[in-house]
Amino acid sequence: MDIRAQLSMSFHMDKCIGCHTCSVSCKNVWTTRRGAEYKWWNNVETRPGTGYPLTWEDQERYRGGWEVSGGSLRLKLLKGPGKIRSLANIFFQPNLPTVDDYYEPFTFDYQHLFNAPAGDDQPVARPKSLITGEFMEKVVLGPNWDDDMGGSPLYASNDPNLKGLSESQKELLTKFHKLFFFYLPRICNHCLNPACVASCPSGALYKRGEDGIVLLDQDTCRAWRFCVSACPFKKPYYNWATGKSEKCIFCYPRTETGQANACAHACTGRIRFVGLLFYDADRIEEVAKTPDERLVDAMRDIILDPCDPRVIEEAKKAGIEDNWIKAAQESPAYNLFKKWRIALPNHPEFRTLPMNFYLPPLSPILHNAKADTGGMFDPESTEFFTAIDKMRVPVRFLANMLSAGNEALILESLKKQLAVRMFIRQQRVGDVGDAAVKQALSAAALTPKDATDIYRLVSLGTFQERFVIPETHREIKSTVDPRTIFEKRGSIGFGSKKTEIITGRQW
Amino acid sequence: MNQFLFGAMPYILLTIAVVGTIWRFTTNRYSWSSQSSQFLENKTLFFGSFPWHYGILTVLFFHILGFFIPSAILGWNAEPVRLYIFEIGGLSFGFLALFGLLMLIYRRLTNVRVKSVTSGWDVLVLIILIIQVVTGLGNALLYRWGSNWYAAAAVPWMWSVLSMSPEVGRVGNLPLITKAHIFNALIFFAFIPFSRLAHFVVINPYKYLWRPYQVVRWYSREPRTANIVQYK
Chain A
1 MDIRAQLSMS FHMDKCIGCH TCSVSCKNVW TTRRGAEYKW WNNVETRPGT
51 GYPLTWEDQE RYRGGWEVSG GSLRLKLLKG PGKIRSLANI FFQPNLPTVD
101 DYYEPFTFDY QHLFNAPAGD DQPVARPKSL ITGEFMEKVV LGPNWDDDMG
151 GSPLYASNDP NLKGLSESQK ELLTKFHKLF FFYLPRICNH CLNPACVASC
201 PSGALYKRGE DGIVLLDQDT CRAWRFCVSA CPFKKPYYNW ATGKSEKCIF
251 CYPRTETGQA NACAHACTGR IRFVGLLFYD ADRIEEVAKT PDERLVDAMR
301 DIILDPCDPR VIEEAKKAGI EDNWIKAAQE SPAYNLFKKW RIALPNHPEF
351 RTLPMNFYLP PLSPILHNAK ADTGGMFDPE STEFFTAIDK MRVPVRFLAN
401 MLSAGNEALI LESLKKQLAV RMFIRQQRVG DVGDAAVKQA LSAAALTPKD
451 ATDIYRLVSL GTFQERFVIP ETHREIKSTV DPRTIFEKRG SIGFGSKKTE
501 IITGRQW
Chain B
1 MNQFLFGAMP YILLTIAVVG TIWRFTTNRY SWSSQSSQFL ENKTLFFGSF
51 PWHYGILTVL FFHILGFFIP SAILGWNAEP VRLYIFEIGG LSFGFLALFG
101 LLMLIYRRLT NVRVKSVTSG WDVLVLIILI IQVVTGLGNA LLYRWGSNWY
151 AAAAVPWMWS VLSMSPEVGR VGNLPLITKA HIFNALIFFA FIPFSRLAHF
201 VVINPYKYLW RPYQVVRWYS REPRTANIVQ YK
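Residue numbers (the numbering used here), protein chains in the order written: chain A, 1 to 507; chain B, 1 to 232.
Isolated chain A (complex conformation) (with noise of 0.2 Å):
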């Protein structure tokens, strides 16, 4: 066994109002730069919808994550076998996205405004971009460009995980009263398996030994964009002005002295849990080569129970400090994704072991589940609890996105999500009926303490409870050299190894 942390966040896709106040205050932090303008490390898509780059889960097109093929694992970008494919294509890349995928950076002439002559017209500020630096004749993309577009059928129907509904279950995109489209928030995912990191030809990137985290050393980046082709989440991105490749470092600045990462802390909504993850790294590559349906149940086997002695044990071995120990039995991701279940990774059939979890959202049940008959539904029957698959967001689209197709494992979790809500309205309100709540709570294979613990979280979190980050011990290790600490205090940290920060080409 080599147990090693790995820290991860969670998202509760029924509280996300789409407000994007994580995107900006990432932005803000870390992607104000020239030739990062493009960048969203932290961005919030509505679903169903293209996302960002445009179609991004499409991995025909852009060929990212894993495969497995006779037996072994590897990368979707080779297409054949070994590695020397891959460097064949190291100065022409068929699968990169380009500036155009994502959108063209751009700003608008607002001093032209004050400047114009006067004349008949009223003057505009027309948009100027950020790349050219000229006019653009008009905007055709930006960033959330679809943005609560979840019925048009210009955007949202190009949602790949729209593959295997049924033409009625397509309605949910052109019926207006089946409509209805939620936010799907992403960052980088810190995989287990990362795809980025097998495909650098540089070894530029690497995961952190300590926290699990997915860095890029800047130092060492040569440009080949080999990271942005393989991620299947698109979440390297490339900075055209100073040639290195970027992506979101879990703000681990942040998370070392045990604060929440910026989008976490930003979120209004209050949807992001942070905590820390054991998991036994001897077992990836078996956990990643398992077949679909059975892919998420093999990534909740690899998390280990931190509170089994054996476990405990292991990790002081491993050189895991208590505080860290303490942090993984109190950690939401933990709870979550394996105690409660009902937290689901994004995209596991890309076979990177994703290391962000999602709750699936509810949606209405009322006016769809007999819109095939033409009646009304009954609140009061007891089809109420059993009608959950005929949800308006289709469960198909549900299991594409978050569970590589196993319906199963989307039910389990809603159903669990609306037994925790039945048992709160019957304490706090009484209409529900104990028999009813019993019996949900045993369909949803939940113990009243379980439903309790998990309004307790999602619904009360203080945030303390929401992010459990434990303190990285800076005595003993650092990610910085000690004798440059000094130094570097108050910079961005960013760019290279000097303080100051790079925005365009030196040589």
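Hints are computed from structural coordinates only; laboratory data are not their basis.
Source: prediction; values computed, not measured.
Just to be clear, a hint being listed does not mean it is correct.
Covered stretches of chain A (chain B as the covering partner; in silico rule of three or more C-beta atoms under 8 Å from a C-beta of chain B) [claimed, not checked]:
1. 132-144
2. 189-197
3. 205-212
4. 216-223
5. 242-251
The beta carbon of each residue, even a glycine, is placed where N, CA and C say it ideally should be.
Dock chain B against the given chain A, drawing on the hints supplied.
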């Protein structure tokens, strides 16, 4: 003049290349990048980058082979049929590189996005490269037995330069276009540390072939910088 160009300049330019490369690598490794612009434009690039790199790398490979084992080239060329194969093969890869390079220059001149990330150094690099390719092709087309001249005259001169006793006479009487090809190559070397040509001097990608997929670095364990661990 020959004495200056082929007796003294090689030392000056090669010293700039070596010292400059070490200097940039130790003081400013962040700037070491291929500065790929595929992200901004990837349609013309396909017709530029692929032919250019595969053409020039093949030609370069045989230059290096000739540098280390000149007898291999002379021996191969001893028979006319093999000489024709070698010359025609070299010429076609040369034209492939020329086509790619012209596409790259065209792209850099016409695409506004690419233009906005073009530095003065890039322009100089392209000028040096086009001179090198055109003079190389000129040698092959205008003069007979170009590959033999390389192995029999230029390579001994290179070795004499490296052994600190330059025999200028070996190249001094070659045609002008050949001398231009040789001297421009020296300038090319001197440019490596001061331009994106630095991406040419990398050891990294070759390591990838026998590296395990995953890289894990531990900050609390020695060595601090890189500790590559293979998943079992």
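Going down the list of hints, with the structure as the test:
1. Residues of the stretch 132-144 of chain A lying with their CB closer than 8 Å to a CB of chain B number 3, which satisfies the three-residue condition for coverage.
2. Restraint check on the stretch 189-197 of chain A versus chain B: 3 residues with Cβ-Cβ distances below 8 Å, three needed, restraint holds.
3. Coverage of a stretch by a chain is defined here by at least three residues with a beta carbon nearer than 8 Å to that chain's beta carbons; for the stretch 205-212 of chain A and chain B the count is 6, and the condition holds.
4. Counting residues of the stretch 216-223 of chain A whose CB lies closer than 8 Å to any CB of chain B gives 6, which reaches the minimum of 3, so the coverage claim holds.
5. Only when three residues or more bring their CB closer than 8 Å to a CB of chain B does the claim for the stretch 242-251 of chain A stand; here the count is 3, and the claim holds.
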